[in-house]
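Taken in order, these protein sequences are the chains called A and B. According to this note's numbering, the first sequence is numbered sequentially starting from 1. According to this note's numbering, the second sequence is numbered sequentially starting from 1001.
It should be emphasised that the hints constitute simulated quantities derived from the structure, not laboratory data. Do not rely on the hints blindly, as some may be mistaken.
So the derived label-pair ranges between C-beta atoms look like this [unchecked claim]:
#  : chain 1 : residue 1 : chain 2 : residue 2 : range
1  : A       : E212      : B       : T1210     : 48 to 56 Å
2  : A       : L59       : B       : H1142     : 56 to 64 Å
3  : A       : L70       : B       : E1106     : 38 to 46 Å
4  : A       : V137      : B       : I1118     : 32 to 40 Å
5  : A       : L59       : B       : I1118     : 17 to 25 Å
6  : B       : P1059     : A       : L81       : 20 to 28 Å
7  : A       : V137      : B       : R1099     : 21 to 29 Å
8  : A       : T231      : B       : F1018     : 55 to 63 Å
9  : A       : R124      : B       : F1018     : 53 to 61 Å
10 : B       : R1099     : A       : G133      : 26 to 34 Å
11 : A       : L256      : B       : R1099     : 30 to 38 Å
Coverage of chain B stretches by chain A, computed from C-beta distances (three or more under 8 Å per stretch; other residues unrestricted) [stated by the list, open to error]:
#  : stretch
12 : 1050 to 1062
13 : 1067 to 1079
14 : 1210 to 1219
Here are a few chain B residues that sit away from chain A, every Cβ distance over 12 Å (derived from the structure) [what the hints assert, rightly or not]:
#  : residue
15 : T1010
16 : T1012
17 : C1015
18 : S1101
19 : R1116
20 : D1119
21 : D1121
22 : S1143
23 : D1149
24 : D1156
25 : R1171
26 : T1173
27 : H1183
28 : N1199
29 : H1200
30 : H1201
Keep in mind the model is a prediction, meaning the values are calculated, not measured. Yeah, the Cβ is synthetic: ideal placement off N, Cα and C, and Gly gets one too.
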Amino acid sequence: MLENFLIYALLGGIGLAMIAGPLGCFVVWRHMAYFGDSLAHSALLGVALGFLLSIDLTLGIAGTCIVFALAIVTLQQQRRLATDTLLGMLSHTALSIGLVALSLMGSFRVDLLGYLFGDILAVRPQDLVIIYGGGAVALIVLAAIWRDLLAITVHEELARAEGVAAFRARLVFTLLLAGVVAISMKVMGILLITSMLIIPAATARHFARTPETMALLAALIGMLAVALGLTASLRWDTPSGPSVVVAAFSMFLLSLALSAVRGRAHTVPTR
Amino acid sequence: MTAETTPLVTATGICKFFDGREVLHDVHIEVRSGEIVALIGPNGSGKSTLARILLGVMPPNAGKVVRRPGLRVGYVPQKLPIDVVLPLPVSRLLTLTARASREQMEQVLDEVDARRLIDADASRLSGGELQRVLIGRALLRHSDLLVLDEPTANVDFNGQIELFELIRRIRDTRGCGVLTISHDLHLVMAATDRVVCLNHHICCEGMPGTVSKHPAYLQIFGPRAATSFAVYTHKHDHEHTLSGDVVAPGEGHAHEHEHDHGHDPHGHPAPDTRDGGGKRVRG
Chain A
1 MLENFLIYAL
11 LGGIGLAMIA
21 GPLGCFVVWR
31 HMAYFGDSLA
41 HSALLGVALG
51 FLLSIDLTLG
61 IAGTCIVFAL
71 AIVTLQQQRR
81 LATDTLLGML
91 SHTALSIGLV
101 ALSLMGSFRV
111 DLLGYLFGDI
121 LAVRPQDLVI
131 IYGGGAVALI
141 VLAAIWRDLL
151 AITVHEELAR
161 AEGVAAFRAR
171 LVFTLLLAGV
181 VAISMKVMGI
191 LLITSMLIIP
201 AATARHFART
211 PETMALLAAL
221 IGMLAVALGL
231 TASLRWDTPS
241 GPSVVVAAFS
251 MFLLSLALSA
261 VRGRAHTVPT
271 R
Chain B
1001 MTAETTPLVT
1011 ATGICKFFDG
1021 REVLHDVHIE
1031 VRSGEIVALI
1041 GPNGSGKSTL
1051 ARILLGVMPP
1061 NAGKVVRRPG
1071 LRVGYVPQKL
1081 PIDVVLPLPV
1091 SRLLTLTARA
1101 SREQMEQVLD
1111 EVDARRLIDA
1121 DASRLSGGEL
1131 QRVLIGRALL
1141 RHSDLLVLDE
1151 PTANVDFNGQ
1161 IELFELIRRI
1171 RDTRGCGVLT
1181 ISHDLHLVMA
1191 ATDRVVCLNH
1201 HICCEGMPGT
1211 VSKHPAYLQI
1221 FGPRAATSFA
1231 VYTHKHDHEH
1241 TLSGDVVAPG
1251 EGHAHEHEHD
1261 HGHDPHGHPA
1271 PDTRDGGGKR
1281 VRG
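Bound-form chain A, shown alone (with noise of 0.2 Å):
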């Protein structure tokens, strides 16, 4: 018999892998893993500043997430600092900022770890309305800017010549990027959120012949690499958060050896 908040974390790491796993796609196709570990860096800062205007955490990261990824599109426009400096300085600077404003804010107890690792485990209802009420709006827009998206991913100037609107389509990425980092908070914590995003990305390119295809096994593999990771953290009583993330690899690593076999069977006979 299943407790009942062993049953909200798996929704709630089910819910999240659904959206993780399409737009973890265009993470790795886009190279912006980088791009998506600084923004869930900043996401401490988002904490701070919830706790200081007392608003609700999750809109807090949420907008600093959307700030913070505003400001590096718009740092990029200049060309003396190559992107990964840019987003090494900002990520760390946001992530202390974050922290030495917890620190001032005395009188709350924060339990860090929580926000470092996400508590999986400390899913409650009102969680699962905001992730599958976020995570629908944010499959929903990112179907409606697919074609772009991906059109601007393969050539940009190609798609502008096409008439697609690129700055469009590369803004509400950003945008649902930051969205998504900060939904995924709770359950995954900062240090985990990417891998969430990256992981069943590249997993599932081993057996995607189409860039659907591969969005949507990204989903199912996260979704799965979600339900051993917490099966496996219930049995042998290890950290949920991190289970799911070394689960996740796993099957990485699984797919590596199948595509190596099935890249074999195919050389052999033309040989």
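Starting from the structure of chain A, add chain B where the hints point.
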């Protein structure tokens, strides 16, 4: 009738600055239906910038671009920056921004001799194959104007000749205008109706034979350019055999060589495979 005589695109007085440096100065250029225009110039002369401005993906600082109303532009970039992590079959590449049935796709791929690539992964195409697929993509969109950015940059010599044959054939059957950008001289000039030589401003412009003797052209490309290009000018009075030898028309006929050369990557061992990763036996 007016549609025939109105240029597809006309740019006048185009100026473009990057960081205070003038890359294009008072450039005039136009392309009409059914003509192949080659935009040539050394590296960094502003060719790609001008093409971007004509395509409408970059605004000029001064001057204006007038497109014929309803003009459909087909852009053929030099390469695609996609890597293998994005699974993209050619059929999906063709329909990135336009919808098409499989029959329609097979039809345009037939036109560019690339039908067998329809399910191939776009990230694994050779330079020549990619160019064909991208040209097919422009045809699928019923483009009135093709803009090709250095179409031969990643293509071997035989492939380059075939590519220009293809471009000319498409111009003949579709009647579209073509603008090719190149720093590669002789082949482009041989396959072109009009050459525009650009080095931040238009240096000279005209028929290939005239431009190649123009002092401004010689100054930019050097006297050797004039001689090296001469070999390939008389495009209709000779043909090329497999090895590239020139033969009289009829002896090596017009279309079979396209099959003989093959666009099959496995058919052509790359010239450098001897050095690549081979085990060396030490004596």
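Checked hints:
At about 52 Å, the beta-carbon gap between E212/A and T1210/B stays in the expected band of 48 to 56 Å. A C-beta distance of roughly 48 Å is found between L59/A and H1142/B, which places it outside the suggested range of 56 to 64 Å. Distance hint check for L70/A and E1106/B: the Cβ-Cβ separation is about 44 Å, which falls inside the suggested range of 38 to 46 Å. Roughly 36 Å separates the CB atoms of V137/A and I1118/B, a value that falls within the hinted 32 to 40 Å.
At roughly 48 Å, the beta-carbon separation of L59/A and I1118/B lies outside the given 17 to 25 Å, and the hint is violated. Remark: the range hint 20 to 28 Å for P1059/B to L81/A is upheld by a beta-carbon distance near 25 Å. Distance hint for V137/A and R1099/B: a CB-CB separation of about 26 Å, consistent with the stated range 21 to 29 Å. One distance hint, 55 to 63 Å for the beta-carbon pair T231/A and F1018/B, holds here, with the actual separation near 57 Å.
In this structure, R124/A and F1018/B meet the distance hint of 53 to 61 Å, their C-beta atoms being roughly 55 Å apart. Roughly 32 Å separates the CB atoms of R1099/B and G133/A, a value that falls within the hinted 26 to 34 Å. Distance hint check for L256/A and R1099/B: the Cβ-Cβ separation is about 35 Å, which falls inside the suggested range of 30 to 38 Å. Remark: the stretch 1050 to 1062 of chain B is confirmed as covered by chain A, as 4 of its residues place a Cβ nearer than 8 Å to a Cβ of that chain, reaching the required three.
A stretch counts as covered by a chain when three or more of its residues have a beta carbon under 8 Å from one of that chain; for the stretch 1067 to 1079 of chain B and chain A the count is 3, and the coverage holds. Counting residues of the stretch 1210 to 1219 of chain B whose C-beta sits closer than 8 Å to any C-beta of chain A gives 0, which falls short of three, so the coverage hint is violated. Consistency note on T1010/B: stated as away from chain A, and its beta-carbon is indeed over 12 Å from all of that chain's, at 18 Å minimum. Even its closest Cβ contact with chain A, about 20 Å, leaves T1012/B beyond 12 Å, as expected for a residue assigned away from the interface.
No Cβ of chain A comes within 12 Å of the Cβ of C1015/B; the nearest lies about 21 Å off, and the non-interface call holds. S1101/B, annotated as away from the interface, keeps every beta carbon of chain A farther than 12 Å; the closest lies near 17 Å. Every CB of chain A is more than 12 Å from the CB of R1116/B (nearest about 17 Å), matching its label as outside the interface. Distance check on D1119/B: its Cβ comes as close as 8 Å (rounded) to a Cβ of chain A, failing to clear the 12 Å threshold; non-interface status is violated.
Look at D1121/B: its CB is around 8 Å from the nearest CB on chain A, not clear of 12 Å, so calling it non-interface is violated. Distance check for S1143/B against chain A: the nearest CB is about 10 Å away, which does not clear 12 Å, and the non-interface claim fails. D1149/B, annotated as away from the interface, has a beta carbon of chain A within 12 Å; the closest lies near 9 Å. Non-interface status of D1156/B relative to chain A is upheld: no Cβ of that chain comes within 12 Å, the nearest being about 23 Å off.
In this structure R1171/B is separated from chain A by more than 12 Å, as the shortest Cβ-Cβ distance comes to about 20 Å. Separation of T1173/B from chain A is adequate, the least Cβ-Cβ distance of about 22 Å exceeding the 12 Å criterion. Its beta-carbon lying about 19 Å from the closest one in chain A, H1183/B satisfies the requirement of being farther than 12 Å from that chain. No Cβ of chain A comes within 12 Å of the Cβ of N1199/B; the nearest lies about 23 Å off, and the non-interface call holds.
H1200/B, annotated as away from the interface, keeps every beta carbon of chain A farther than 12 Å; the closest lies near 21 Å. Residue placement check: H1201/B keeps its beta carbon more than 12 Å from all beta carbons of chain A (closest about 24 Å).
Going down the numbered hints, you'll see the structure goes against 2, 5, 14, 20, 21, 22 and 23, while the others check out.
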